[in-house]
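2 protein chains.
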Amino acid sequence: MNTHEYIENNKQKFLDELLDLLRIPSVSADSKFKGDVRKTAEFVKNSLEKAGVDKAEICETAGHPIVYGEKIVDKDLPTVLVYGHYDVQPADPYELWDSPPFEPVIKNEKIYARGACDDKGQMYMHVKAFETMMATGSLTCNVKFMIEGEEEVGSDNLGIFVKENRQKLAADIILISDTSMIANDTPSLTVGLRGLSYLQVEVTGPNRDLHSGVYGGAVANPINVLCEMITSLKDENDHITIPGFYDKVAELSAEERKALNDAPFDLDGYKRDLDINDIKGEKGYTTIERTGIRPTLDVNGIWGGYIGEGAKTVLPSKAYAKISMRLVPDQSSKEITELFSKHFSAIAPKSVKVKVTPHHGGEPAVTPTDSPAYAAASAAFEEAFGKTPIPTRDGGSIPIVSLFKKELGLDTVLMGFGLDSDAIHSPNEHYGLFNYFKGIETITLFYKHFAKAK
Amino acid sequence: MNTHEYIENNKQKFLDELLDLLRIPSVSADSKFKGDVRKTAEFVKNSLEKAGVDKAEICETAGHPIVYGEKIVDKDLPTVLVYGHYDVQPADPYELWDSPPFEPVIKNEKIYARGACDDKGQMYMHVKAFETMMATGSLTCNVKFMIEGEEEVGSDNLGIFVKENRQKLAADIILISDTSMIANDTPSLTVGLRGLSYLQVEVTGPNRDLHSGVYGGAVANPINVLCEMITSLKDENDHITIPGFYDKVAELSAEERKALNDAPFDLDGYKRDLDINDIKGEKGYTTIERTGIRPTLDVNGIWGGYIGEGAKTVLPSKAYAKISMRLVPDQSSKEITELFSKHFSAIAPKSVKVKVTPHHGGEPAVTPTDSPAYAAASAAFEEAFGKTPIPTRDGGSIPIVSLFKKELGLDTVLMGFGLDSDAIHSPNEHYGLFNYFKGIETITLFYKHFAKAK
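Heads up: the protein sequence lines correspond to chains A and B, in order. Take 1 as the starting number for the first sequence in UniProt numbering and just add one per residue. Take 1 as the starting number for the second sequence in UniProt numbering and just add one per residue.
By construction, these hints were calculated from the structure, which means they are not laboratory data. Where hints are given, some of them may not hold.
It does not matter which identical chain is meant; a pair holds if it fits inside one copy or across any two.
Said to hold, decoys possible - With a straight-line Cα cutoff of 30 Å, these simulated DSBU-like cross-link-like pairs (lysine-lysine) come out:
id : residue 1 : residue 2
1  : Lys353    : Lys75
2  : Lys387    : Lys168
3  : Lys353    : Lys234
4  : Lys234    : Lys342
5  : Lys387    : Lys163
6  : Lys283    : Lys234
7  : Lys283    : Lys334
8  : Lys342    : Lys283
9  : Lys342    : Lys168
10 : Lys258    : Lys271
11 : Lys280    : Lys342
12 : Lys355    : Lys234
13 : Lys39     : Lys387
14 : Lys355    : Lys271
15 : Lys258    : Lys350
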């Protein structure tokens, strides 16, 4: 039985296993899910063992554990290090989900659940592809799995784990499925990722909540001040005003920008899908460029004062915001975090006190398109989809990619099978059955071509 | 026994009764306290009956009930209509209270509880003053009590009640204790109150929460946009930019402004009490003017995106804010609410949708200082405190005052015994025992002088 037949014969089993995985609420950001995160790690470990690794282990960290497993076929064969994450984003606001986020359902050929695509679904494709190759005796490379539980909160402990296990993690290439492609009939390979700086800010006015009638107009309102400070971070062209912010941004050549903009993009469809009358972004750049090659600043959350039912005429003591910046080559997350902190404190009026707390960050990355690994990935997509994949710049961040390069000297191939419309990080996240099964097949083809290419 | 002796002999009883009243969480803004609000109304009704009114009743409204009671001594005597409210502001944030808001405690001669001052404590003084005059046979006026349960949410139903009961409420003067004085050794009488327009705004960007990496930089973030819109509502001089906003603001003469600023004010003590390094307000006006005679705009609450533990890289679909404006003569709450709604929708960029929902409002008011009632109040303070009270403009709003003038043709005397430092609307609200007992005595003296003056 060949790999294609094995996948066809095991579709229901592959699906049922993923649904079980999706039922465990492994929200890494919220400590109340700590036990579920560990359950998920054990689930992944058991899956790797059943699939046929020589050994699988749960590696403790200062935070959530990392699952490691390997199958060494022959020391002389090329080795693929598969990275993925089993943790998921928080599911709230729960009320906006059509079905409970941790009770997966299949609707119009899609799996609906938190983590269906990001990254349980895409990560699990690699486990099933490995099982397929083992079961059909077609595994042509050594394989190492490193599946972490802290990607959605900054992967801090994975960085330490990598530094401490260089030998164990030795490989020829990193393989990751945690990105998206343009469309099911337009395969693409992500060759660039944005970095991230994520901070929380706290603005304190008076030492207690005040009556807005007695003090309003005479005492600085921390919410108004926070709004003014956030507003001042961009100019009228949506250009970020933090001094030095753009100093290290790598400008692309006219040719590179043209190639980037040659990728199919339907602006009307884009607006229709989001139900917006207009897009908004940095002047002088296209939507593809704004999300691909330009840095951004977004408020991810804001709160302060009375947010309950009805009205309260309060002049609050404090206001808060979570602010993140997406970074591009050659910006440094650490440097931008420092620039932001320095600037945000500097622009605070004397009437308030400001506290800035860095949350986490990650470096931007660009992966080479002239490597044997990229060639193998491209060939795999071509064989599976009948089309050469288009190289794209992805707006998201997988901080670990630049860390792998730095610590292990390894390049990464980003074979993503999601779609931007999968609503990852949003209510009603979903993943297409087509993408799940096609992904498993494409991954097996990557191993075939990569073994040849080396 | 004279009134002074009666009050002295009943201090403990007067205090214990108030503590019982403070134990009932009558938060009118939050429907989950509906039952407690009614319990409080019944408590007030029973207190009036025990104090000796001819009849007391609970008057149903579309919202929380109104308690009415009256004692007609002689049709030819002047009639005082006492207004107060038994509802209180929400107590959150609960974690900032040193003791539970609805478990009153006495510390350094002060009663700590939500509503201790605003307005249960100040309202109950009138019930006890009435009891004192009844018990000592010194009641020289007819008295009518109208105690409502919706002052903190806009008094909408009281307005209807007043319109429908003009006959029943016929009186010579309205007497209210729901304001503050300058200091315990510097009595003052409030002669001006600000009005209020309170609205909630909702800004919608994309139709769902988005991944800030995939869409960030290309799609309008409703939080950033809301911050920009709020910021644009004031210029660099903290002057409000809503077209027409200041058109009806009554400018005071140089003399009036001087008289106002002659009231004692300790800026250093003010800043120390609030732990702020600087005050902030409209350019060209003093703190007393900013809170007394100038309109303001404050964000009372803001929320949007992810506000939970940790980090979530989301570009949210919606952002919200509760915004209120304090108004001065001769601004109209209805008109300002319309100007705000029109302007806020007009400044929204095409990339978002905006919804503005008026919450409630109230008209500003100025009370005459040349009336027999004002003279009686002034004489009462002088007799009780040994000092002539200073007329002041108060920053807060008691919308009902202008409604009384309009519907009943009655002026109001604002005999407030609170202090700005009582932290009303804030955690650890408190009310001085001195103020509570001195207030009861001063009120009995008002009746004495008012009967003479008429």
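Verification of the supplied hints:
1. Proximity of Lys353 to Lys75 under the C-alpha cut-off of 30 Å is found in neither arrangement, the shortest distances being 60 Å within a copy and 60 Å between copies.
2. Taking the shortest Cα distances, Lys387 and Lys168 never come within 30 Å of each other, neither inside one copy (36 Å) nor across copies (86 Å).
3. Proximity of Lys353 and Lys234 under a CA criterion of 30 Å is satisfied in both settings, with 21 Å inside one chain copy and 21 Å between copies.
4. For the homomeric pair Lys234 and Lys342, the shortest alpha-carbon distances inside one copy (16 Å) and between copies (26 Å) are both at most 30 Å.
5. Neither within a single protomer nor between protomers do Lys387 and Lys163 lie at most 30 Å apart by alpha-carbon distance, with minima of 38 Å and 77 Å respectively.
6. Taking the closest pair of Cα atoms, Lys283 and Lys234 come within 30 Å of each other both inside a single copy (12 Å) and across two copies (26 Å).
7. Taking CA atoms no more than 30 Å apart as the test, Lys283 paired with Lys334 passes inside one copy only; the shortest distance there is 26 Å, against 40 Å between copies.
8. In this assembly of identical chains, Lys342 and Lys283 lie within 30 Å of each other by CA distance both inside one copy and across copies; the values are 26 Å within and 28 Å between.
9. Taking the closest pair of Cα atoms, Lys342 and Lys168 never come within 30 Å of each other, the shortest separation being 40 Å inside a single copy and 65 Å across copies.
10. With identical chains, the CA atoms of Lys258 and Lys271 are at most 30 Å apart within one copy only, with a shortest distance of 22 Å there and 58 Å across copies.
11. Taking the closest pair of Cα atoms, Lys280 and Lys342 come within 30 Å of each other both inside a single copy (27 Å) and across two copies (23 Å).
12. Proximity of Lys355 and Lys234 under a CA criterion of 30 Å is satisfied in both settings, with 20 Å inside one chain copy and 24 Å between copies.
13. Taking the shortest alpha-carbon separations for Lys39 and Lys387, neither the intra-copy value of 39 Å nor the inter-copy value of 73 Å comes in at or below 30 Å.
14. Only between protomers do Lys355 and Lys271 lie at most 30 Å apart by alpha-carbon distance; the minimum there is 20 Å, versus 37 Å within a single protomer.
15. Taking the shortest alpha-carbon separations for Lys258 and Lys350, only the inter-copy value of 28 Å comes in at or below 30 Å, while the best intra-copy value is 47 Å.
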